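Enquirer: Given next are the chains, with one letter for each unit.
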Amino acid sequence: MLLIHCPYCEEARPELEFRHAGEAHIARPAGIAEISDEAFEAYFFIRDNTKGIVFERWRHIHGCGRFFNAARHSVSDRFVVTYRAGEPKPELSGEQVAAAAPGGKATPANAAAGVNGKAAR
Amino acid sequence: MAEAARIHPLAGRRLALPGLSLEPCPPAERLSLRAGEDALAAIDEALGLALPRRPMASATAGGLAALWLGPDEWLIVADEGAGLAGRLAALTGIAFSAVDLSHRNTAISIDGDKAVLALAAGCPRDLSPAAFPVGACSRTVLGKAEIVLAREAPARFRVECWRSFADYVWNYLVDAAKSA
Amino acid sequence: MTVAAPHAGANRIAGKGRLSPARTVSFTFDRRPYTALAGDTLASALLANGVNLVGRSFKYHRPRGVLSAGADEPNALVGVARDAARFQPNVRATAQEVFDGLIATSQNRWPSLAFDIGAGNDFVGRFFPAGFYYKTFMWPAAAWKRLYEPVIRAAAGLGMAPKEPDPDRYANRFAHCDLLVVGAGPAGLAAALGAARAGRRVILADENAVPGGSLLATNEALIDGVPGFDWAAAVVAELSSKDNVTVLPRTTAFGYYAQNMVALAERLTDHLARPAPDAPRERLWQVRAGKVVLATGAIERQIVFADNDRPGIMLASAARLYLNHYGVTPGRKIGVYAACDSAWAAAFDLKAAGVEIAAIVDCRAEVPTDLVARANDLAIGVLAGHAVTGTSGRLRVRSMRVAPLAGGGSREFEIDCLLMSGGWTPSVHLFSQSRGGLAYDAANGRFLPGTAAQDCICVGACNGTLTLEDALAEGAAAAGVTPPDAEETASMAGHLLGAASGAGPRDFVKAFVDFQNDVTAKDIRQAVREGMRSIEHVKRYTTNGMATDQGKTANMHGLAIAAETLGKDIPEVGLTTFRPPYTPVTFGAIVNHARGELFDVTRRTPIHGWAEQNGAVFEDVGNWKRTWYFPRPGEDMAAAVNRECRTTRQVAGIFDASTLGKIEVVGPDAVGFMNLLYTNAWDRLDVGRCRYGIMLREDGYIYDDGVVGRLAEDRFHVTTTTGGAPRVLHHMEDYLQTEFPHLKVWLTSVSEQWAVVAVQGPRARDIVAPLIEDVDLAAMPHMSIRQGRCCGVPARIMRVSFTGELGFEINVPADFGRAVWEAVWERGEPLGMVPYGTEAMHVMRAEKGFIIVGQDTDGTVTPDDAGLGWAVGRSKPDFVGIRGLRRPDLAAGGRRQLVGLRTRDPRTVLEEGAQIVADPHQPVPMKMIGFVTSSYWSDNCGHSIALALIDDGRARLGQTLYVPMASETIAVEVTATVFLDPEGKRLDG
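Residue numbers (my numbering), protein chains in the order written: chain W, 44 to 164; chain E, 18 to 197; chain Z, 6 to 994.
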């Protein structure tokens with residue numbers, strides 16, 4: 044179960060309170076009635092489904108009820124950042140992306156002890 | 018005409034175990050209040066209570082409790098006969114929504130040293146005093162049901178849920194209480 | 006050597022162990038009664054009583070004894086029972102505590118453990134090689150169903166599951182802590198103590214009943230000057246006394262998930278003779294930890310030599326634990342086969358307790374001189390640079406054959422027990438599950454925790470640490486405190502990986518790698534020869550390390566043999582994936598509270614009780630129980646539904662519509678929002694009027710429908726389908742919050758605020774009117790809404806009809822629903838009104854051609870397809886779905902359209918879902934042109950009626966089409982969708 048930081052509740056909450064809501068930053072085109080078939084296809088049917096950093100929507104449906112956006116690594120499941128609906132897509136730094144990648148060292152775990160096999164003869 | 022009889026969805030239930038009791042809360046007036054920043058000052062005045070502006074916060078004054086549920090959403094709970102709708106009806110020229118939920122929700126009071134343990138059987142939230150202090154409130158889940166949880170005292174919580182979920186929530190808390 | 010009183014077991018050594026000889030309990034194994042001491046495991050009790058044969062192996066049915074003393078046990082899997090329903094197969098005898106009255110039975114043998122027919126598999130073992138099933142049971146294909154599968158299924162599986170429902174209760178707890186410590190050995194205790202004293206919230210979980218981990222097996226270790234076992238007990242006592250600490254014995258951390266979520270299974274009653282009746286048997290803990298300390302220890306490996314599986318052959322560390330903690334010796338004349346220092350400690354302790362040690366055989370040419378000196382002091386013969394190349398003995402080991410590695414003649418030693426140690430495998434299961442990377446330590450032949458992926462830290466033996474002093478230091482460092490002083494002589498250094506001498510590629514022997522799955526060194530080599538290059542393939546082909554073992558004993562040896570056969574280094578071949586659960590977890594613990602009435606939410610309306618008292622039959626609609634029909638005595642469903650339909654149209658019917666979804670849309674921009682979310686034009690809907698609304702998805706297909714009433718300029722009462730209520734609100738919130746956030750409007754679910762009493766039929770107004778105040782029903786036109794009072798309580802009264810009759814839906818605050826329903830019933834019953842259920846509702850709406858979204862639509866139906874094109878506002882500039890409707894395929898002619906069907910024989914009722922063809926004589930496969938969506942017998946019409954989606958359906962009115970069924974082909978005529986009162990005259994009563 045993931046922990047997800049809700050940008051409205053300003054707190055990390057258990058995944059059970061949330062519902063995933065698909066890819067983020069796909070705006071309904073202005074004047075949608077008149078757009079071309081290609082433009083409608085791109086808007087409604089085509090999704091990136093990236094392996095790596097994804098921008099996605101969540102709803103804190105059993106919490107504050109708000110939709111919001113998140114940048115998450117689709118392999119490690121690590122969240123880079125969550126932000127309110129309507130805010131621009133954030134620029135992620137190289138360090139942020141690296142920290143979210145699988146195998147990325149999220150914490151300095153093990154550094155403190157670091158005595159693997161020290162006493163091996 | 019004689020008024021139709023009111024039947025509480027949890028009428029007649031009660032559970033008392035060592036360190037834990039469960040009791041249906043009496044009927045209450047409830048309002049879902051939805052409003053933007055611009056309307057809050059006027060609403061505060063009409064209700065005689067400052068709506069809490071921070072997540073998870075609640076406020077009580079004059080027999081009213083206001084629970085922050087979302088950035089533009091409050092659950093107002095008052096004793097029967099408080100006339101909540103009437104107090105807001107006079108407000109004109111501001112945009113807000115007030116919808117009567119007195120019968121949609123019902124509530125259970127869970128009280129005792131083991132209350133936190135019973136709730137933790139189905140609620141994934143950290144209910145330690147530091148994370149969820151007295152006065153805190155939030156929509157969350159208990160098992161497969163959505164609830165609004167409010168901590169009224171160190172060992173007493175109010176669990177609000179929709180009326181048709183009340184049977185499930187009650188039974189869940191009973192099962193959890195027996196296991197706590 | 007002195008032997009304790011016989012009741013404690015013949016192999017119990019007086020003065021040894023920590024159990025009290027005064028506290029005895031009784032149990033049975035394969036129906037024979039035995040006596041144990043309180044605190045015994047089933048394995049220690051059996052060994053104390055001289056029972057060495059405890060099971061038969063899975064494939065070859067070879068006799069097997071106790072191998073280990075913990076969760077890694079592959080052999081001693083038994084059934085444990087309290088009563089018929091409380092029977093659990095595949096329990097590790099090494100982990101099951103004995104309680105008074107425990108009933109244990111051996112598995113995988115018939116007719117008895119000592120004489121087992123299936124053991125014949127052992128002698129034909131050459132015909133059961135790796136991949137046997139894949140290769141053998143191939144042809145003929147027909148034999149699979151009748152022959153192979155039944156035989157394989159009968160032979161497969163370990164143990165028998167009980168048939169009775171599980172009578173026990175299970176519980177769940179979500180928990181949060183600063184520090185979760187897994188393992189109460191010296192390293193884990195040091196970490197937990199440091200963090201607890203610093204005031205942090207600590208959870209300490211250990212799979213055993215008694216804390217101490219490796220300290221249980223030794224009497225030599227001193228920590229802060231006291232024996233290690235006593236130190237552990239004192240630490241746990243201090244931890245248990247603290248409010249900020251939760252100590253969980255008998256609790257296995259079995260899964261490590263994202264963001265430091267760790268699942269624990271706590272066994273609460275399996276060790277008790279008479280648990281409290283209400284006490285949960287197990288509790289699932291879902292722990293969210295700020296930081297996790299993994300102090301999961303290490304598992305001793307066997308040595309892979311010929312016939313290394315006879316009863317009496319045991320891991321050296323297990324024997325040491327049985328002696329020092331349980332006071333039990335596993336034999337009287339014991340051989341030791343070591344590749345690791347720790348095995349020597351077992352020999353020393355046993356010898357000191359008076360047990361004869363035949364010899365210590367160590368495959369290392371050079372062993373630490375202090376060990377040799379101590380062996381000499383104790384007069385134990387040492388054979389360094391030697392190997393055990395074989396054993397004898399059918400139901401118990403009788404001798405071992407020892408040969409020098411350098412070559413030369415072998416010697417035979419008479420023994421009744423053989424201890425072995427191939428070194429230690431750090432338990433990196435949980436660390437690996439956390440997605441931490443493992444690093445291969447070639448010098449010591451093991452994988453160690455490498456890069457952590459989460460905030461966790463490995464300490465002690467699971468981190469590869471070999472001495473007590475270092476383990477304590479790591480544990481203390483994890484909590485940022487100074488470690489206690491430690492003193493211990495035993496070390497875990499030394500190892501042997503892969504097949505030992507005498508079990509090489511040219512040796513035709515059974516040297517077991519995986520005891521539980523009967524995988525030998527030969528099987529691994531054969532898998533590689535047959536093309537399995539990846540260790541994941543080798544695992545699946547041979548089943549090495551699968552099932553409950555999950556790689557505890559078998560993995561490293563299997564990997565080493567595969568690597569050797571492939572001519573590669575171990576890290577190149579890789580390691581199989583560690584997956585939860587670490588040890589088997591009961592379904593009960595996973596399901597916990599969600600059983601019986603708590604399996605799922607059952608929603609009931611305020612009127613449910615009345616319906617129940619009046620004989621209603623209910624159907625499930627989502628989580629709701631809805632009234633299906635009200636049979637009278639002697640009536641079947643058809644008779645009841647026919648009567649309900651007839652009477653409603655002749656007099657009146659009362660219907661519980663409380664489950665309908667209801668959303669209140671409020672705000673100055675309410676009408677603008679409605680215009681965007683529904684196809685209809687709402688600007689000209691006057692206050693007090695209702696309209697049937699259709700909601701589309703952006704692709705132009707029908708998503709939901711319902712009647713919408715305008716209560717005020719800025720307030721709408723929107724109804725949705727029963728099942729659609731939550732998703733419709735979610736869909737509306739999505740657009741409001743993310744696409745139209747500029748609109749000042751708010752949405753509130755009021756589905757359960759209002760109970761809905763629907764009264765339909767020509768007498769509806771007469772029945773309802775006397776109960777209504779403040780509203781003139783006679784002045785209410787069809788499709789209108791008023792706010793007034795009913796039975797003295799506030800009401801929203803809608804004049805609407807889903808039956809085609811004059812009808813009212815009275816919405817009252819839900820707690821008043823039952824009383825209002827009863828008041829209406831009291832008025833209506835004398836006039837002949839009947840209660841009706843959802844089935845009659847479905848029939849009557851179909852008679853009128855009204856659709857049910859999800860039954861007559863399937864997510865590919867447009868409003869025009871459903872004959873509802875009139876509900877789409879033509880001049881609206883925008884609504885959700887406007888562009889979808891203009892897609893070429895949706896705008897093209899010839900689409901599948903909703904029509905009515907009448908069967909040529911009026912009594913024939915079509916099957917819903919039946920396919921429709923134009924020409925029944927065409928060759929198969931026939932061209933299907935549509936299907937039946939709704940079909941009923943209509944007593945009011947006197948014939949069957951059906952709705953169907955048919956290609957270009959409206960152009961086929963009057964045509965005869967065909968519904969081919971298995972027994973006959975049914976001719977149908979295409980009709981309009983309205984079967985009754987097409988002019989709508991009945992709406993006025």
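It is worth saying that the hints were derived from the structure and are not from the lab.
Fair warning: there could be bad hints in the mix.
[Unchecked claim] If you want the footprint, here are the derived chain Z segments under chain E, 3+ residues with CB under 8 Å:
| hint | region |
| --- | --- |
| 1 | 172 to 183 |
| 2 | 287 to 299 |
| 3 | 745 to 754 |
[Stated by the list, open to error] The following label-pair restraints were derived from C-beta to C-beta distances:
| hint | chain 1 | residue 1 | chain 2 | residue 2 | range |
| --- | --- | --- | --- | --- | --- |
| 4 | E | Pro44 | W | Ala144 | 47 to 57 Å |
| 5 | W | Glu66 | Z | Gly878 | 28 to 38 Å |
| 6 | E | Asp130 | Z | Gly204 | 16 to 26 Å |
| 7 | Z | Thr487 | E | Ala74 | 52 to 62 Å |
All of these numbers come straight from a predicted model, not from anything done at the bench.
C-beta atoms are modelled at their ideal positions from N, C-alpha and C, and glycine is treated no differently.
Enquirer: Checking each numbered hint in turn, tell me which of them this model violates, lowest number first.
Expert: 7
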